[in-house]
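Take a look at the letters that make up each chain.
Protein chains: 2
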Amino acid sequence: MPQAPKRGFAYPEPVERLIEHLAKLPGIGRRSAERMAFHVLKGDKAEALGLARALTDVKEKVRHCALCFNLTDSSPCPICADSRRDHGLVLVVEQPKDLIALEQTGQYQGVYHVLMGRLSPLDGVGPESLTVDLLLERVGGKGEHSAVREVILGLNPTVEGDGTGLYLADLLHARGVKVTRLARGLPSGGNLEYASKAVLGDAILGRQVV
Amino acid sequence: MPQAPKRGFAYPEPVERLIEHLAKLPGIGRRSAERMAFHVLKGDKAEALGLARALTDVKEKVRHCALCFNLTDSSPCPICADSRRDHGLVLVVEQPKDLIALEQTGQYQGVYHVLMGRLSPLDGVGPESLTVDLLLERVGGKGEHSAVREVILGLNPTVEGDGTGLYLADLLHARGVKVTRLARGLPSGGNLEYASKAVLGDAILGRQVV
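Protein chains in written order, with our numbering: chain L, 1 to 210; chain X, 1 to 210.
Please note that the accuracy of each hint is not assured.
The list that follows gives simulated cross-link-like pairs (lysine to aspartate or glutamate, DMTMM-like), each with its CA atoms no further than 25 Å apart [to be verified]:
hint, chain 1, residue 1, chain 2, residue 2
1, L, K59, X, E20
2, L, K97, X, E47
3, X, K45, L, D123
4, X, K42, L, E94
5, X, K24, L, E16
6, X, K97, L, E34
7, X, K59, L, D57
8, X, K59, L, E47
9, L, K59, X, E34
10, X, K42, L, E34
11, L, K97, X, E13
12, L, K45, X, E47
13, L, K42, X, E47
14, X, K97, L, E47
15, X, K24, L, E47
16, L, K97, X, E34
17, L, K42, X, D73
18, L, K24, L, D123
19, L, K42, X, D98
20, X, K59, L, E34
Because the hints were derived from the structure by calculation, they are not lab data.
Model, not experiment: these values are computed from the prediction.
Just chain L, with the same shape it has in the complex (with noise of 0.2 Å):
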């Protein structure tokens, strides 16, 4: 590629291609982008070295886990591999980064299923554009045998997250699974307060015996 500045004179064409490379990343303007260009010239080669590698095997080694959909480098993913956990038990999140946060909890044993993402009609996000059919396919029509006891819906709580939640229990309940979803309530370590209408709410309804 030619060096063509675009605004008169412009950077070397390796540091221009770089700059406009980072300012796609989310949240990154010209500005940060040209920082970290000079970050990484005035760094070590072999980190920025790194990070080439990293982005590579992303792309080339990262993939959804056939089963659950979560991220893996293997496949099926640890998770779905693993013997020892309840495969009866499939806990449904919006994105993998949700199944993260739950696994480093180290409170369940089940496995999961990734939507990729929630029904957002506004944007056009269907059920088509999401993993539900393989949910319903890990859990077996009415009267087949399924190995899936009870699903808990871990969606956000959220206006498109309940939504979501609603259109996978009727589904569910249809096929004869038992259908949960994630306790609501004050948040530990929060100030009551300070807690929403929305969240004292369903810490009154969803009051636990003690």
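For chain L, the structure is supplied; the task is to place chain X on it using the hints.
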């Protein structure tokens, strides 16, 4: 490298590695790095490989010009190699970024010298950390025939920039070269009412005949 989760369960090794590398970039924390890594995961493969390629190229192809220390992928840099420019006029700047900014005005037809920083005794940056020696070499000693007529100091208008300017002016005067510095005064498009005392003082002292 085996998958070695730090906090219970983690992302697949290549994803974790990408996040760690991204989090080393300036202004990027763990959360932003995760967001960027997911953007790369979801995004176009060619784009990610393009970024990887740009990182590698920047470290392998971009050098400092042997004459002026501008960033370049050819040596000497296009400015130093340009015979239509005035090589008797050398504008001294702190960083390659400053050179780009000045060059984009289209107002300057001389050449440059990038100091690669400014004197900063508190941070342990002395003249030996900068390209001062090479500037003096370009200018030549008193009595020697020097092709350099005038050195323009284009350092930042800060305490450290001014200190560096005074230091260079002494050395350059001793070599019998004319030394000037970029004009100071009211910033075009600014508002006199809100200008600082220092700016107004500069504007009064440097007033121009109209």
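Next item on the list: Kindly indicate which numbered hints from before are broken by the structure, ordering the numbers from low to high.
Entry: none
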